[in-house]
Amino acid sequence: GDSVTQMEGPVTLSEEAFLTINCTYTATGYPSLFWYVQYPGEGLQLLLKATKADDKGSNKGFEATYRKETTSFHLEKGSVQVSDSAVYFCALTTQGGSEKLVFGKGTKLTVNP
Amino acid sequence: DVKVTQSSRYLVKRTGEKVFLECVQDMDHENMFWYRQDPGLGLRLIYFSYDVKMKEKGDIPEGYSVSREKKERFSLILESASTNQTSMYLCASSLRSDYGYTFGSGTRLTVV
Chain F
1 GDSVTQMEGP VTLSEEAFLT INCTYTATGY PSLFWYVQYP GEGLQLLLKA TKADDKGSNK
61 GFEATYRKET TSFHLEKGSV QVSDSAVYFC ALTTQGGSEK LVFGKGTKLT VNP
Chain S
1001 DVKVTQSSRY LVKRTGEKVF LECVQDMDHE NMFWYRQDPG LGLRLIYFSY DVKMKEKGDI
1061 PEGYSVSREK KERFSLILES ASTNQTSMYL CASSLRSDYG YTFGSGTRLT VV
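Residue numbers (this note's numbering), protein chains in the order written: chain F, 1 to 113; chain S, 1001 to 1112.
Just chain S, with the same shape it has in the complex:
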C-alpha cells in the first residue's frame, strides 16, 4: 500500500525551539507539499517542491523553511517556534496534480 509517513503524530515544543517535521513517501512522487490546517481556515499551503533540492513558497511561508535532499523525503523546519504555529501539519505527495494527492496522517504540533 502506497504511503506518506509523517514521523510524529503529536509533538509539543517550547517557544523559540527549532522544530523539524519529517515526511517520507514511498511512491517515487516528484511533488511534495506541506500544509497547515486550522479551524475555520481550511488547508493553507506552506511550501512545496517539484524535485530534489527545489522548493517554492506557498501562501504562508513566513517562519518556515523546507529541505528536500532526497526525492522521498521533505522536511518542514520551524526556525524559531512560536505559539501561533500551533496547528495540524499535513504532508502530501503527488505524481501529477490531476491524479490527486496522497496525504500523511498529520502531525499535531503544540508550541508552549
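One chain only, chain F, in its complex shape:
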C-alpha cells in the first residue's frame, strides 16, 4: 500500500543552520505530497504542498520539490529560527478515490539559540 518514510528524529540545530528533513514515499499513480507542521500543544498545520512531478512547494522560507524519479519530497530551509522548533510530518494522497492522507511518523526539530 501507499506509505511515507521520514527520517528519524529528533533533529537538533543551531539558529541559522541549514535544515533538511528527508521524506520518501511509495505510491501507485501520482499522489499529491504535503508537509505539515505541529507546534507544541497544537494541531497540525499545512506548511506546503505539491501536486505533480517537479512542482516546488514553498512557505515561510521552507521548500520541497516533488521528485518522481527518486520518489522523494525533502523539506529544506536555508536558515532556521528558534520559532521553527516543531514536529514536521510528510504526507501523501492515496489513490483509488479515497480521500485519505497517509502520514509519516513525524520528525521533531529543535532549534537552539
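By construction, these hints were calculated from the structure, which means they are not laboratory data. Every value quoted in this text rests on a predicted model; they were computed, and no experiment measured them. Built from N, CA and C at the ideal position, the CB exists for glycine as well. Keep in mind that the hints are not guaranteed to be accurate.
[What the hints assert, rightly or not] Distance windows between CB atoms, simulated:
{"id": "1", "chain 1": "F", "residue 1": "Lys60", "chain 2": "S", "residue 2": "Arg1014", "range": "40 to 48 Å"}
{"id": "2", "chain 1": "S", "residue 1": "Phe1020", "chain 2": "F", "residue 2": "Thr28", "range": "46 to 54 Å"}
{"id": "3", "chain 1": "S", "residue 1": "Pro1061", "chain 2": "F", "residue 2": "Gly9", "range": "27 to 35 Å"}
{"id": "4", "chain 1": "F", "residue 1": "Glu42", "chain 2": "S", "residue 2": "Lys1070", "range": "20 to 28 Å"}
Since chain F is already given, all that's left is putting chain S on it; use the hints.
Structure of chain S alone, referenced to chain F:
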C-alpha cells in the same frame, strides 16, 4: 478564518465512562476525520466520514464509534473508556484530499 474546532483541549475521564469528543468545522467540507497521536506511533486514523450519516473505519476503530448527524459536526465516542485510550485526539476536515486537511487544535484525553 476557516476553522476546525474541538470542544475541549484537555479532558480527564474515569475508566468505563462513555466519552464524547466533539468536532465542528465551518468550511462546508464533505470529509471529516478522527486521528489519535501517540509518541513513536505518529498519527493513526480511527474513523472518517465522507458525508452526513456516512462513516468508515480507519486503521484502529476498536473501542470507538462516531456520529455525523450534520455536515459540520463529527463526534468521536469512546463507548467505555480505558487507560490505553489516553492520547491526543485530532480532528480534521477536507474538501478534497489533494487540497490537504485542516486540523483542529486537538484534545488531550487522560483516562484514569
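Hint by hint, which ones does this structure get wrong, listed from lowest number up?
Violated hint: only 2; rest satisfied.
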